[in-house]
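These protein sequences, in sequence, are chains A and B.
Using numbering that gives the first Met the number 0, the letters of the first sequence correspond one by one to residues 0 to 196.
Using numbering that gives the first Met the number 0, the letters of the second sequence correspond one by one to residues 0 to 262.
Worth double-checking, as some hints may not be accurate.
Below, in silico cross-link-like pairs of lysine-lysine (DSBU-like), each with a Cα-Cα straight-line distance of 30 angstroms or less [what the hints assert, rightly or not]:
id: 1; chain 1: B; residue 1: 74; chain 2: A; residue 2: 74
id: 2; chain 1: A; residue 1: 179; chain 2: B; residue 2: 239
id: 3; chain 1: B; residue 1: 239; chain 2: A; residue 2: 163
id: 4; chain 1: A; residue 1: 160; chain 2: B; residue 2: 20
id: 5; chain 1: A; residue 1: 157; chain 2: B; residue 2: 20
id: 6; chain 1: A; residue 1: 134; chain 2: A; residue 2: 163
id: 7; chain 1: A; residue 1: 74; chain 2: B; residue 2: 246
id: 8; chain 1: A; residue 1: 168; chain 2: A; residue 2: 157
id: 9; chain 1: A; residue 1: 163; chain 2: B; residue 2: 86
id: 10; chain 1: A; residue 1: 177; chain 2: B; residue 2: 86
Short derived list, chain A residues pointing at chain B, Cβ under 8 angstroms [said to hold, decoys possible]:
id: 11; residue: 8
id: 12; residue: 55
id: 13; residue: 63
id: 14; residue: 114
id: 15; residue: 117
id: 16; residue: 161
id: 17; residue: 165
id: 18; residue: 166
id: 19; residue: 169
id: 20; residue: 178
id: 21; residue: 186
id: 22; residue: 188
Source of the hints: derived by calculation from the structure; they are not laboratory data.
Cβ atoms here follow ideal geometry from the backbone N, Cα and C, with glycine treated the same way.
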Amino acid sequence: MSLETITLDHLPSSHEVHAVLFRDVKNAPFLHQQLLARNSDFEYGLVDASVVVSRLQLLSAVFKATLTAVNGALKTPNVHSEIVIALNSSSNIADSYRRFGISPSTKDLIAVKVTFPAEDGTEPLTSEQIWEHLKANVEGEALAITDDNISAATDLAKVRKYYKLNGLKWLDDIKDEKLKLKEVETLVIGGMALRGV
Amino acid sequence: MATPSAEPAAAQTHHQFPLPKILEYPASTPPTLITQGAEGRLYRSTYLVPDLPCALKYRPPKPWRHPTLDQRLTKHRILSEARILAKCRRDGVRVPAIYAVDETAGWLMLEWIHGGPIRARINERLGKRTEGIAEDAELKDLMRRMGAAVGKMHQVGVVHGDLTTSNLMLNPSPASADSDSKNFLDGEVVIIDLGLASGSTSEEDRAVDLYVLERAFGSTHPRAECVFSELLDAYRGMFKQAPGVLKKLEDVRMRGRKRSMLG
Ligand SMILES: Nc1ncnc2c1ncn2[C@@H]1O[C@H](COP(=O)(O)OP(=O)(O)OP(=O)(O)O)[C@@H](O)[C@H]1O
Ligand SMILES: [Mg+2]
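Kindly produce the complete structure, drawing on both the sequences and the hints.
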C-alpha cells in the first residue's frame, strides 16, 4: 500500500493524515468533476503535484488546514479544500483552487485525506478503506510521498512563478541544486505561512 | 505509522506557565521553555515531524490590558515580525525561516537555530582573559561576520531596533560540527528577534541601530570593546551607503554623550 498514514506534531492525536502520490494520472477530468459535483465520496485534498517541491511543504499545508479546522476557522467548505488553499501564498481562493488543486489537465496528483471522529460519534474511515477507494478510482501509478518522488513531478518554473521567487539573484547564484531546492522550500513554506498578510 | 505521544503533552512535563493551546497537542518532543521575556516566551519544540526542531515565539494575553486592544497589539506585533522575517529571508539575509504563524493565537513558529546567542559564545571565548584580546584573530573574524550580517540587513532596507549580542546567534555550519574543525567561533551569524524591526533606509535609523549594538556590546563585553572596530570596518564594505552611515554614527555617539552628561 503506497498510502501513508501520518500523525503531525501539534495537532490533536485523533486527527490522522493519509496521503499518496499518483503519477501519470489518466482520469483527472473525472476526478475534477467529482469535486465540482461535490460528490462526498471524493472528499480529498486533490493537489496538483507539479506545484509541490517537497514532503515538508505538503505537510505544512495539511498542518495549517487541519489547525484551521480544529480552531473552527475554515474559509472553505472543509479541511480538504482548505489544504489546497493553504498551499497558496496569497489569499485569493479561486486562484488557489486553479493553481494548486486538481484540474482536468493534471498529470501527477497528490491525494490527502484527514480523518477524525465525527461529532455524532461515527467512526472515521480506516486507511484500508481510503486506499481501496483511491485505488479503485484513480488511474495512475501510486507512489509514496517521499521527497524524491515529489521532485520528479515538480515544475520548478511554475513554483517560482506562483511563489514570486523570480529575480532573486542570491538564489540563482546557488550552484548546489540540492541546497537551492532547500532554499526554495524554505521560501515557499514562509510564503504559505504568511498567505499575503 | 508514527506513534502519537500521550495527550496532552502538557501532562507529561510540569509547566510553570500555562502553555499556548497549540503546544497542548501532542508532539514528538515535549515543548521546553527557553526564555521568558517581558513581552513573550520562547519554547523549543518540533515542527510536524520528530527530526525538525523549531522555536515557538508566543506572546500571551496581557490581563492588565483591555482584551480587544491586547488582541490587536499582539496580532500587529506577530505579523510585523513575520513580515520582516519573510522579507529578510527572500532578500538573502540569514534570519530564522518561518514555518507557521497564528497571529490571533499570538504565536510564530520558526526554524530552530543551533549554537546559541553570540553573547554566550564571546563570553566563553574571553573566559578570564585580560590580555591578547585585541590580537584574537578568531574573535576578530567573528566581529567581521557580525558586521557583514548587520550590513546585509541594512542593505535590504531593514533596521533591527534591538541589536545586541543576544539577538545574534552563531549557527555552526555542518562542516564545523566535524571534529577536525579547530575554530571554536566558526559558523554563520543569524539575526533573530525582529520584533522591533522596521523597514527603513534612512542613514539616521541605520546609525542608531549600530549605536545600540555598540553600547550593548560595550556593556556586555567590556574587555572586548577593542575589537568592535572590526565589526564597523566589515560593515563599511557591505553596501554603497555604509560609509555615510558610519559618519552619521559619530553624530549619534556625540548626542548620546551629551545626553548622558546632562544626566
Ligand atoms: N529561532 C531560534 N532558534 C533558537 N533559539 C532562539 C530562536 N529565537 C530565539 N531564541 C532564543 O530565545 C531568546 C529569546 O528570543 P527573542 O529574542 O526572539 O524573544 P524576545 O521575547 O524578544 O526576548 P527579549 O526581548 O527578552 O530578548 C533568544 O535570545 C535566543 O536565545
Ligand atoms: Mg531578544
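Hints and how they fare:
1. B:74 x A:74: Holds, because 19 angstroms separates the two Cα atoms, which is no more than 30 angstroms.
2. A:179 x B:239: Holds, because 28 angstroms separates the two Cα atoms, which is no more than 30 angstroms.
3. B:239 x A:163: 27 angstroms, holds
4. A:160 x B:20: Violated - the C-alpha atoms of residue 20 of chain B and residue 160 of chain A are around 35 angstroms apart, more than 30 angstroms.
5. A:157 x B:20: 36 angstroms, violated
6. A:134 x A:163: 35 angstroms, violated
7. A:74 x B:246: Violated. Residue 74 of chain A to residue 246 of chain B sits at ~52 angstroms, over the 30 angstroms cutoff.
8. A:168 x A:157: Cα-Cα ~18 angstroms, so holds.
9. A:163 x B:86: With Cα atoms ~12 angstroms apart, residue 163 of chain A and residue 86 of chain B stay inside 30 angstroms; holds.
10. A:177 x B:86: Judged against 30 angstroms, a Cα distance of about 23 angstroms means the pair holds.
11. 8: The hint holds - residue 8 of chain A has a Cβ within 8 angstroms of chain B, the shortest such distance being about 4 angstroms.
12. 55: Holds - the Cβ of residue 55 of chain A comes within 8 angstroms of chain B, reaching about 7 angstroms at its closest.
13. 63: 6 angstroms, holds
14. 114: 13 angstroms, violated
15. 117: Constraint on residue 117 of chain A not satisfied, violated at 19 angstroms.
16. 161: Status violated, d = 14 angstroms.
17. 165: 11 angstroms, violated
18. 166: 10 angstroms, violated
19. 169: 4 angstroms, holds
20. 178: Check failed: Cβ of residue 178 of chain A comes no nearer than 11 angstroms to chain B, outside 8 angstroms.
21. 186: With a minimum Cβ separation of about 6 angstroms from chain B (threshold 8 angstroms), the hint on residue 186 of chain A holds.
22. 188: 6 angstroms, holds
Comparing the model with each earlier hint shows violations of hints 4, 5, 6, 7, 14, 15, 16, 17, 18, 20; every other hint is respected.
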